[in-house]
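Sequence lines, in order, name chains A and B.
The number in my numbering is simply the position in the first sequence, starting from 1, with 808 added.
The number in my numbering is simply the position in the second sequence, starting from 1, with 808 added.
For the record, the hints were derived by calculation from the structure and aren't laboratory data.
Fair warning: there could be bad hints in the mix.
As the list makes no split between identical chains, a pair holds if one copy fits it or if it spans any two.
SDA-like cross-link-like pairs, simulated, lysine to any residue; straight-line CA separation at most 25 Å [to be verified]:
no.: 1; residue 1: 1012; residue 2: 982
no.: 2; residue 1: 919; residue 2: 998
no.: 3; residue 1: 1012; residue 2: 884
no.: 4; residue 1: 1012; residue 2: 998
no.: 5; residue 1: 892; residue 2: 992
no.: 6; residue 1: 1012; residue 2: 944
no.: 7; residue 1: 1012; residue 2: 848
no.: 8; residue 1: 892; residue 2: 828
no.: 9; residue 1: 1012; residue 2: 918
Computed from a prediction, not measured in an experiment: that's the story for all the values here.
2 protein chains.
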Amino acid sequence: MSLDGFGAGPNQDVENPLGVGGPNLMDWFFHTRIWQEMHGNAAQGEAGVDNEMAAQGFTGIGAWILGRNMFGPVRGPWPDDSWKGWWGEEPPYHTPVFVLTHHARAPLRMKGNTEFRFVTGGLHAALEQARAAAGERDVRIGGGVATIRQYLSAGLIDELHLAVRPVLLGGGEALFAGLDLPALGYECVRHVAGERALHVFLEKR
Amino acid sequence: MSLDGFGAGPNQDVENPLGVGGPNLMDWFFHTRIWQEMHGNAAQGEAGVDNEMAAQGFTGIGAWILGRNMFGPVRGPWPDDSWKGWWGEEPPYHTPVFVLTHHARAPLRMKGNTEFRFVTGGLHAALEQARAAAGERDVRIGGGVATIRQYLSAGLIDELHLAVRPVLLGGGEALFAGLDLPALGYECVRHVAGERALHVFLEKR
């Protein structure tokens, strides 16, 4: 999240998966060893606090949930099966990934055990399916902003890892605007200053 | 500022100068040596990063500007001269303090060289008078939120020190909502993790 409260930039499209200016929000992650390893540069990347915070978000995850716009820039009915996510042939999930959409589509099996499964039944249905797939492991809601806001509003997120970047975006998708998080049961339980972000952990009472 | 973007709590009144929940936003300051010294506890208080950040905000200041609500809970015309600020007989300013108000009032001389001067001519007039009073020294805009937002919108703030507290407020005075800070010329030039807040410095290009 930026200092001015945005979790993604404005005007997402195929050239701007995170919206215009959005990559600056994730710039703490791009320097980490774990991100560099995902991109085949195992020898590179930094092994500090940011890396530790990023790594724990990939530990013990049995299923992911993504919003439609985090999966891709396609809107409305799927014109064909050509869009397979932003992440190439081998996405970084390695679990079932439940994609919220209003438009049915057959599951999509990718390299490295990622399988995109498209859920038209809404956020509760997606969570139920993700829990069943994850078993004893955790379900991670990857985003984007609208999806996180929906799950927060429904009180369905147990823990939220927020990386506050010291940057200004000026516009985009406001993460918390209009949400009364204490009233929804959330409190800040821990914060750690990383190299390029302040990491904050919210938990539901 | 809270994680959810509030610079003060809701429902300010005489019992809640910072709004309900507002003191939590300032809790990084209350532990500093400089704050403790202001309250006669020179031997107490912590001398870490938070203290250093607070102390530099009181260095080289020749005049302050405050909004009406930061000066007090009285609204509308001044019923009498009984309200003399939240800070007792010796306020922590020790300079002329220009208070924005729609209602004229005679200057108020306090102990320790603080003098409250009430400005009815608007934010530009207040800044002009504060600059003249400050001479070579800086003018500090102390707040509250509405006053900071007005000066930011007018592009009249050169540097802004923001202390981001890892807390959720849920409601109150949103500091940056609806302001496009990059379009107004602001950028984040520095950030320092303190003991109880992330300190961020914005500057106008």
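Verification of the supplied hints:
{"no.": "1", "hint": "1012 to 982", "verdict": "both (21 Å within a copy, 23 Å between copies)"}
{"no.": "2", "hint": "919 to 998", "verdict": "neither (36 Å within a copy, 42 Å between copies)"}
{"no.": "3", "hint": "1012 to 884", "verdict": "neither (34 Å within a copy, 41 Å between copies)"}
{"no.": "4", "hint": "1012 to 998", "verdict": "within (13 Å within a copy, 32 Å between copies)"}
{"no.": "5", "hint": "892 to 992", "verdict": "neither (35 Å within a copy, 39 Å between copies)"}
{"no.": "6", "hint": "1012 to 944", "verdict": "within (20 Å within a copy, 51 Å between copies)"}
{"no.": "7", "hint": "1012 to 848", "verdict": "neither (36 Å within a copy, 40 Å between copies)"}
{"no.": "8", "hint": "892 to 828", "verdict": "within (22 Å within a copy, 48 Å between copies)"}
{"no.": "9", "hint": "1012 to 918", "verdict": "neither (34 Å within a copy, 47 Å between copies)"}
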